[in-house]
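So the protein sequences, as listed, match chains A and B.
Read in my numbering, the first sequence has 30 at position 30, and its numbers run on one by one without any break.
Read in my numbering, the second sequence has 50 at position 50, and its numbers run on one by one without any break.
Taking beta-carbon pairs under 7 angstroms as the criterion, some of the chain A residues facing chain B (in silico): (1) Gly-95; (2) Ser-107; (3) Gly-125.
Source of the hints: derived by calculation from the structure; they are not laboratory data.
Being a predicted model, the structure only gives us computed values, none of them experimental.
No residue lacks a Cβ here, since even glycine has one placed at the ideal position from N, Cα and C.
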Amino acid sequence: MRRFYGALAGGLFGTGLMVSGMVDTAKVRGWLDIFGAWDPTLAFVMGGAIIPMAVAWAYARGRAPLLGGRFPPPPEQRLDSSLIIGSVMFGAGWGLSGLCPGPALASATFNGAAGLVFLGAMALGMWAAPPIKARLATPA
Amino acid sequence: MEQDWLYGLLGGGIIGVAGAIYLLFNGRIMGASGIAGGLIDGSGRGDGGERLSFLAGLVGVPAVLALVFGAPQTNITTNLAVLIAAGLLVGVGTRIANGCTSGHGVCGISRLSMRGIVATCFYIGAGGLTVALFRHVLGVI
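This is chain A alone, in the form it adopts within the complex (with noise of 0.2 angstroms):
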């Protein structure tokens, strides 16, 4: 049950970001693009998730999940500097190609070569980042 409900999520998130626009990276870049054509989608869509994600944090409150286990701790509020270094990193990558990691998955099939490239790149960066994250946690 807990891979049919992991394949039911996957497949759902596939399909909300094909029926946003988002694995159009010039949307994405369009929405980064404040000084060009500035295109405001993204925020709608984040906006269209994060009301249902609210409901369902508010529901799970003194629940467990329904299929076992427990529910994640609450967050973490300390910031550090891996968080921060790690969003940069990645809000750079983003820019340049249009890409994150989840609409790069969800167009794996009609992305031609250069999607393989990027999730190749990509696959290479998540293997190699234990390493580097290790090292910025300890204090220099």
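Following the hints, position chain B against chain A.
Then chain B, alone, in the frame of chain A:
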């Protein structure tokens, strides 16, 4: 298109329902970089089946939709250097920061996570500066 915002809102709502299902049934945060990254670096091997099923749905359902309705325009760059640099930055960055647009953005902001909100401000800020620099100053993208 004029109705872009409407499709954005509708698609966003579907993404939010997906995240709600993954949270309420599986008890997990729906973050694309965390789900994929945990498989790649081995940290998520314990629940690998659930992660793989999620990724199969994420890749497979859009593939079917593209077959039925036609593949959407993606306007992906063909500049190899840009693709590789961007892929590496996204891969390393999301794993160092522990999240991307879905994890920090959608799932984090919706429970008022300070880390999610700060991360989102920084990646949107960095993305905006990158597009400004590479499009309007250097003219590369």
